[in-house]
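Visitor: Take a look at the letters that make up each chain.
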Amino acid sequence: MKIRNMVILFTVIMMAGYLAAITTINASQINRVDVTEINQVAKTIEQDWQAGDTKKSGANRGLPYQIALVTDENYQALLYDGIKNRQTIIDLTGTAADGQEKLLGKIIILTDGSEEATMKRNLTVMITLTFGLVLIMVYLLFGLVHTSILRPFGVLKEFARKIADGDLEFRLPMDRGNYFGAFTESFDLMREELRKARQGEYQANISKKELVAELSHDIKTPVATIKAICELLEIKLATVQAEDLPGSTAATTITESIAKIAVIDAKADIIDALISNLFHATLEELEMLKVNVSEQPSTVIIQMFKEMDNFGKIRFKNDLAECLVFCDPLRLGQVIDNIISNSYKYADTDIDIWFGLDKTDKNLTIKIKDYGAGVDPDECPLVCEKFFRGSGESIQNTPGSGLGLYLARQFMVAMGGSIRCYNEGGFTVELGIKVV
Amino acid sequence: MSNTILKAEMLSKTYSNGSIMQHVLKNLNIEIKAGDFTVIMGSSGSGKSTLLYALSGMDKPTLGTIDFKGEAISNYSNDQLAVFRRKHCGFVFQQIYLNDTMTVLDNIMISGLLVSRDKKAIANRAKELLQQVGLSDASYHKYPSQLSGGEAQRVAIVRALINAPEIVFADEPTGALNSTNAVNVLDVMTEVNASGQSIIMVTHDIKTARRANRILYLKDGVIIDELNLGAYRKDDPDRHKILREFLESMGW
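First to last, the sequence lines map onto chains U and R. Its first residue numbered 1, the first sequence is counted upward by one per residue in the numbering used here. Its first residue numbered 1, the second sequence is counted upward by one per residue in the numbering used here.
For reference, chain U alone in the conformation it holds in the complex (with noise of 0.2 Å):
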């Protein structure tokens, strides 16, 4: 229960209680003076008159009385005042000369009936101070709940919300005269203790990549000197072949010998892919890739294109327009180097080149498209995640690290481009570049 909702309910009880002792008070009848105690007293008054005593006022028994006879003046004004005054009136009655009873008047006797109220007044007013100042009472132990337990409580909830969204930074305030004090003391411990494994943690992951990075970067220089010594044993075996005499076995096992370094040079090639791959994914995790934009005549997208031309499977089917684009040339082209990459290790068939300039939005687009088997529906809006690789057995034999497309989205969007992948009678790539 809310201690507001508390609050009410403990002021409802209280204001009934109260309302219900006032109105006791009010509607109880206090008679101070004893009836017995009266009777005497008249007896006592009318003995008195009988011997002769004709007193018309004084006091018996501790009681002042009054007598209005009969016979007085003003016996109904007396007698009305009496009434007025709540005062008890007796018959005052005398044998008579001839035997018989008689009303002489009425004994009056005095106890005064505002006292009675005054007394009604001061026991209201005692009350109401009792009542009013245990409410406050009460009102000030609920005040010192809140304060010194609830609202810790809410802090300690705020404090346990941040530290599941991950804010670790967030300090508990802390008050050591409060009875929270030690408990919220050991939280913050807690979440220090938390902060500090994180950022180890984090630290640990760096070190991780950088060292991927490092290695990636250093198993590079081994791979070019493979591949120099296969190109350098292609040439020597090529002549020495030349000069030995066709059919004995030494020129069959030179033949053989060439087959086999070919075979070493493309893998190395495959492994350097690999790898570079592998080193610009650890550098674009460890954002230590650089991507720097600037304005660049359209025309090195054309170069880029005939670099990696290297089947003579590249058709360009419209002109590319004129104009200066923003884009990094380095990182384009190595966008487009994955993109016909792909190209060529899974569709190897030719691959066509359509230019788009659209001058109001500012954006000249690249489609390039081959006329492979394209990509599994399902598996095509994945392509371009992270060591994302299609399931089919084709690909899964085809050796890919699944970085190429995720680092030529990479590489587009650092550069206010876009890139679209989609099956139309092959797979497509649509590069969007931002015109200047």
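Treat the hints with care, as some may be off.
[Unchecked claim] Derived DSSO-like pairs: lysine-lysine, alpha-carbon spacing no greater than 30 Å straight-line:
#, chain 1, residue 1, chain 2, residue 2
1, R, Lys69, U, Lys362
2, R, Lys142, R, Lys69
3, R, Lys60, U, Lys359
4, U, Lys209, U, Lys162
5, U, Lys359, R, Lys219
6, U, Lys345, U, Lys220
7, U, Lys359, R, Lys7
8, U, Lys290, U, Lys220
9, R, Lys69, U, Lys317
Quick caveat, the hints were computed from the structure, so don't treat them as lab data. These numbers were taken from a predicted model, which means no experiment stands behind them.
Position chain R against the provided structure of chain U, taking the given hints into account.
Guide: Same frame as chain U, but now just chain R:
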């Protein structure tokens, strides 16, 4: 009035200094209609003159196309461009470039003779034009050194007009003149425009710009805004106010 004579699309001009490329004009799209008096304004280094030279075929754009009456002059060779300039363009510069060893008439006629062989017709046209710009018979055989700056510039305007070019390109024609001569030259330019010739002019001067019916404001190689004054009469006092407000909004 509404037929386009000169149209530039995605016009860019890049100067390279070693590995550093400087893009002076960036993807500009401009359309010049016959009879337009276009003024190009902008702070120093914004690419005004580069734009004028690219549009007039004096310089080749790095990227983009320029069409003159439907012909892509951006694909022309240097020789083709020279012929194009001779036939269709007139030029007026801040430095007047009159040949000091020739008389006024000869200075004008040599331009005409590059296009036509009819010496007599050219001489007649030259005289007619000189009359038109307010130069008397007495000046025909003077040498440029004997002319005032304003007179020399008017001679240069006549030289620019001798082949009845479709477009006159002017690069700060009043830049080196005193105010009286400047007004004179501008009056001539306005008259020339009124007779149907298109003018494209680069200027720094608000009084000069006021004569135009179209102001292009260039900043860092991009047209950031354009003002059309065509709706106001040449002597409308609002013209100056609107132009001033426009230039103020450009941070002039």
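Visitor: Now look at each hint and say whether the structure bears it out.
Guide: Structure-based check of each hint:
Of the supplied pair hints, the one linking Lys69/R and Lys362/U holds, its CA atoms being roughly 26 Å apart against a limit of 30 Å. Between the alpha carbons of Lys142/R and Lys69/R the distance comes to roughly 38 Å, so the proposed pair goes past 30 Å and is violated. Between Lys60/R and Lys359/U the alpha-carbon distance is near 22 Å, which keeps this suggested pair within the 30 Å criterion. Our distance criterion of 30 Å between C-alpha atoms is met by Lys209/U and Lys162/U, whose separation comes to about 29 Å.
Using a Cα cut-off of 30 Å, the hinted pair Lys359/U and Lys219/R holds, with the two alpha carbons roughly 19 Å apart. Taking the CA atoms of Lys345/U and Lys220/U, the gap is near 21 Å; set against the 30 Å cutoff, the hint holds. This hinted pair checks out: Lys359/U and Lys7/R have alpha carbons roughly 15 Å apart, not beyond 30 Å. With a C-alpha separation of about 20 Å, the suggested pair Lys290/U and Lys220/U falls inside the 30 Å cut-off, and the hint holds.
Using a Cα cut-off of 30 Å, the hinted pair Lys69/R and Lys317/U holds, with the two alpha carbons roughly 28 Å apart.
Going through the hint list in order, the structure does not satisfy hint 2, though it satisfies all others.
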